[in-house]
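When you get a sec, could you build the whole thing from the sequences and use the hints?
Line order of the protein sequences matches chains P and L.
Take our numbering: the last position of the first sequence gets the number 113, and nothing is skipped along the way.
Take our numbering: the last position of the second sequence gets the number 1115, and nothing is skipped along the way.
Keep in mind that the hints were calculated from the coordinates and are not lab data.
For each residue, glycine too, the CB sits at the ideal point set by N, CA and C.
Each pair of labels, with its calculated beta carbon distance range:
#1 P/D27 to L/I1012: 33 to 39 Å
#2 L/K1014 to P/H94: 38 to 44 Å
#3 L/L1086 to P/R28: 36 to 42 Å
#4 L/S1039 to P/S26: 19 to 25 Å
#5 P/D27 to L/V1026: 29 to 35 Å
#6 L/G1100 to P/K45: 15 to 21 Å
#7 L/K1057 to P/S112: 41 to 47 Å
#8 L/F1062 to P/G17: 39 to 45 Å
#9 P/D27 to L/S1054: 19 to 25 Å
#10 P/S112 to L/S1075: 38 to 44 Å
#11 P/S26 to L/N1061: 18 to 24 Å
Only part of the chain L face toward chain P is listed, based on derived beta-carbon distances under 10 Å:
#12 Q1006
#13 T1031
#14 Y1036
#15 K1042
#16 L1046
#17 T1051
#18 A1055
#19 K1057
#20 Q1099
#21 F1106
Okay, here's what each chain looks like letter by letter:
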Amino acid sequence: QQKVQQSPESLSVPEGGMASFNCTSSDRNFQYFWWYRQHSGEGPKALMSIFSDGDKKEGRFTAHLNKASLHVSLHIRDSQPSDSALYFCAASEHVTGGYKVVFGSGTRLLVSP
Amino acid sequence: GALVYQYPRRTICKSGTSMRMECQAVGFQATSVAWYRQSPQKTFELIALSTVNSAIKYEQNFTQEKFPISHPNLSFSSMTVLNAYLEDRGLYLCGARLQGNSDYTFGSGTRLLVI
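The following block contains the structure:
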């Protein structure tokens, strides 16, 4: 079973709409959570991190973390066509030698003009 | 800024042959390098985690005999896929981490096609 479960698999929103993604972890060793975005033909790029309970807002992006339930979400308001991409949540835990990052299965976002 | 370059971007190899891919960190010192494979279905599998001056730790289902990794300094790592077969195809991603950070900066990957 995947340690980081992400939903939905795909999402289609109109331009200007709100896009929301969710992740739940099954491992309490995870300490840090990230959202990555991957455009076609590129590697994933870190979008934002969240380490503490509550909301974290960066521009149009808001991440929310509930450590008790190991649930993390990402909301994009005023979605733009350029936001169309694959979005991955990721959880990291400290291991011998560094940090191990486990990715969710991804959500494909399509923002239509 | 911190950048990671991977080479080659794309490669095709015959079934049973081997290919080497490289990862270069620019603008920062990559204390740790993580190699992932992204399947055609877009899921990520961690292959191994390499930290300079420490042993390379391979994940279950991945071995040094199949995916030997070299991490000789703080800016470079390479991985070879030995005896590649169809199930080895995918996008191989290198993520480099600066000491003290908990995230990785990823390159654009090396896409491996096996024919």
